[in-house]
Each structure stands twice: as structure tokens, then as C-alpha cells.
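Protein chains: 2
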Amino acid sequence: MSAHAPAACLYGVGLGPGDPELITIRATKILARVPVVASFAKKGASGRARAIITRWVSGSCRHLALDYPVTTELSFCDTAYVTQLHSFYEHAARLIAAHLLDGQDVAVVCEGDPFFYGSFIHLYVRLRDRFQIEIVPGVTGISGCWSAAKAPIASGDDVLSILPGTLGDAALASHLTTSDAAVIIKIGANLAKIRNAVAHAGRLSQALYVEYGTSEAQIVLPLAGKMDDRAPYFSLILIPGRGRQYE
Amino acid sequence: MSAHAPAACLYGVGLGPGDPELITIRATKILARVPVVASFAKKGASGRARAIITRWVSGSCRHLALDYPVTTELSFCDTAYVTQLHSFYEHAARLIAAHLLDGQDVAVVCEGDPFFYGSFIHLYVRLRDRFQIEIVPGVTGISGCWSAAKAPIASGDDVLSILPGTLGDAALASHLTTSDAAVIIKIGANLAKIRNAVAHAGRLSQALYVEYGTSEAQIVLPLAGKMDDRAPYFSLILIPGRGRQYE
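Protein chains in written order, with the numbering used here: chain R, 1 to 247; chain Y, 1 to 247.
If a hint is listed, it holds; no wrong ones were tucked in.
For chains that are exact copies, the list does not tell them apart, and a pair is met inside one copy or across any two.
Derived DSSO-like pairs (lysine-lysine); straight-line CA-CA distance at most 27 Å:
| id | residue 1 | residue 2 |
| --- | --- | --- |
| 1 | Lys-186 | Lys-150 |
| 2 | Lys-150 | Lys-29 |
| 3 | Lys-226 | Lys-150 |
| 4 | Lys-186 | Lys-43 |
| 5 | Lys-42 | Lys-193 |
| 6 | Lys-42 | Lys-186 |
| 7 | Lys-226 | Lys-193 |
Keep in mind that the hints were calculated from the coordinates and are not lab data.
Bound conformation, chain R alone:
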């Protein structure tokens, strides 16, 4: 790296909820000019992020695959999970730092929005004191899903809660009782527990289940009509608020 080279910049780039056209203009401009793009994916899978960016990156762009050592095979309370994730993020941060120190801008691409439950946050906290970092917000997966489901999520004075499905059932039911509107994320193996909590809070009749929102494989149905307990991790449940009515 030349002593006079401009400092390289790290971009956290939101890609939107899945439909490749729901990326922002700003994101496409950054992808077209960076020499290095990095994306998270489950080991052995190429990841949805990579499919979205194909049409935007330059032919000479180098791709760094950041493959999680583990995703849902271990509980996130397990010490082995914490240790493996810690090492993974440390390694990923070093890899990216090496490119930045070499004067190459790096874009870490993120499904949804980088700062909304995104893995990018773990890189950001490791690199923010040493490098210039710009965050490009994206359309969240939850916005994509409530738009696709035609479910206005909140208006007026509605309190809207975003609830990870990993919470205990009592905590889930309590938040559902005190919120006007809710989105439950991270469903996967938690579906049966979540359905019980939604029913316990008296919200089952309003709840919608959405799988692969905005993609061609999209499924939207009432949660009460979802008869089995199989759900991908990135499915979600919407409970729309009532807002102020002028009707």
C-alpha cells in the first residue's frame, strides 16, 4: 500500500428482502465499483446475497465467502457455539482488514438491512475504530413480508414490537399482550412454542405466517391454518396493529 493511497473504505450494504429489484440505487453503485465483496452464507450454500449481487458487481470483483462454521446445529447458549462464532468473526474481520490495509474498498453485502439483526454488526464492532465505514441501509425482510402479505403493519399510535422467536414462551406472550402490532422473527424450530404464545395472548386470529417473502417461493397463510411445525429459520409471523381509523 502506498503511503499516499487514500484510505480504503468498508461498506455494509443492505440488499433488501430477497427480490433483486428491491435493492437501492446506492447499493448498486457501490457494488459496481468495489474490488472486493464479502458475503455470509451457511457452509456449503452459496447464499441468497450472492444471487442478488451477481448482476451488479464488476467482472473483476473478488468475492470473499464468509461461511458460518455452524448455524442452527448447536444452541446459541452452547459454549461451543459461542467459541466457534467468536473465532469466525475474528477471522472474518482480519480477512477484511487485510484488504482495507492494502487500499482496497470492501463491501460486505447483507440480506435486509445491515444494522437490523445483521451478522455485519459483529464485523462492524471489530473494525469501527480502525477504518472508515459507511452503512447503506436496505429494505428489511420484515418490510418485504408485510408488503407481500398485503398486511399494513402499524399506523397512528400503534406500538410495534420485533420479537425473536428464540425468546421463552412467557416472554413472547407478555410482549404480545402489551404490543398493538408485532413481528416475530427467527422461527425455525421455535414454531410450535410461538404458536402457543400467540394463542395464549389472544392474537391467533390476526396472525399471518410468511415464508420466503418477496421470492418466487413465497407462502403467506393465516398462522391458524399452518398445520405443521416445519418452518425455515427466516420465515416470520406478522400481527398487524389497528392504528387510528378514519373510516
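Since the structure of chain R is already known, use the hints to place chain Y on it.
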């Protein structure tokens, strides 16, 4: 309208948080081809939405200005407010329906995301049974603000609550106490009350105040350092969560 004319479509189009480059590709494609665009604005103001779309609409596009009869001059509990808003949305829906019945597609453009506390919801509920409607999600104002403020808002098992600043102080403090992360929207004249509620919940040291996020006039400062009680209605307060740490 010819009996064989294809049915016209209503689009609710999210424009993103303010920076014109934070619009989606899908939104720009729709804006380029619709013959009619409608936008909400305060009476006498052209509105930020209109400034964002200028570069994307066609030269022949007709613009419908949907001017609120009243915004913050009356309390939203006031009967006069409710009556005026009801008439306004009824009139706006009729205006748009006339174009749709005439075979013209209409895009209602919305700052942020149409179904996230958007006025478009009041048109949607009036027109959904009669017309084909497509929702184009957008980057929310809150995503724009936490990105601009470099404040990762939530990760891991964080519960994130979106709280309208119009709530009472006891309700605000209660939600702030039970949430890991929070975004308080609709600040305006509610700032003094909100600051008290945030302090009461013991969150003042983590709270950030953001005004005109992602625009050139952007201001980000600790809420504790915001010494006066003057704030625009669309400013907001961010209280980031802690998430799972792998550090």
C-alpha cells in the same frame, strides 16, 4: 375506458428515508412508466417525496398533490381532526379511483415504507376491495437514521420496540423498561415528555437523537446533549440493544 382495457393498478411506492439514492430499483421502474403519481404533503409545502421522485418520473406524468387539511395544528384526539382527516382520505381515495377506473395506473409515493406508519394505509383500506394494488416496500426512515448514526439497533435475541412519542409517559417508560432496544418516532412537541420517560427508564445514557437522518441537514447527538425541547415531528430517538456478544 374500453371494455377491453386492462385493469389499472394502484402502486404504493416506498421512497426510502430521504437520500434520493436510497430508493429501490423497483420503485424507479414503476415511477418511470406510470401516467399518474400522487403524493401527500403539508398544505403549502411541496413535500420531500416530490423532491425525491423528480428525476424518475416521465415528462408527461401527471402529479396529484394530496395536501393534508391539518397536521399538528390540532390534537389527533380532537373531533375536528378526526372529521377533517376522514373527509380528506375519502376525497383522496375517490380522486385516485377515478384515474384507475379510467385505465390509468397510479403510484402513490410514500417517504419510508408504505405499510410502516404510512398515510397510504388509509387509502389502501378504502381501495383494496375494488382495485389491484401492489405494495413496493422501501427503506424505512428508522433504518436510514440508525445507519447514519452508526448505531446497530438490534441483534441476537434483542426485543426491539417501535414507540410513537404520542404515547403517555407511563406507557413510554414501561415499554422502554421491558425492551432491549427501542426507536421512538413522532417526536415534535413530545420531546420533553419523551426525555423524562427515557430517563425514568434508566436509558438516557444510551439514547441518541436524530434529526433529518440521511439528508444534508442531518443532526445526530446524544439525547442527553439535546438541551432544548424543539424537534421536528419526523426526528426520532434511538436506543440500541446489546444483542449477543462474541467478543
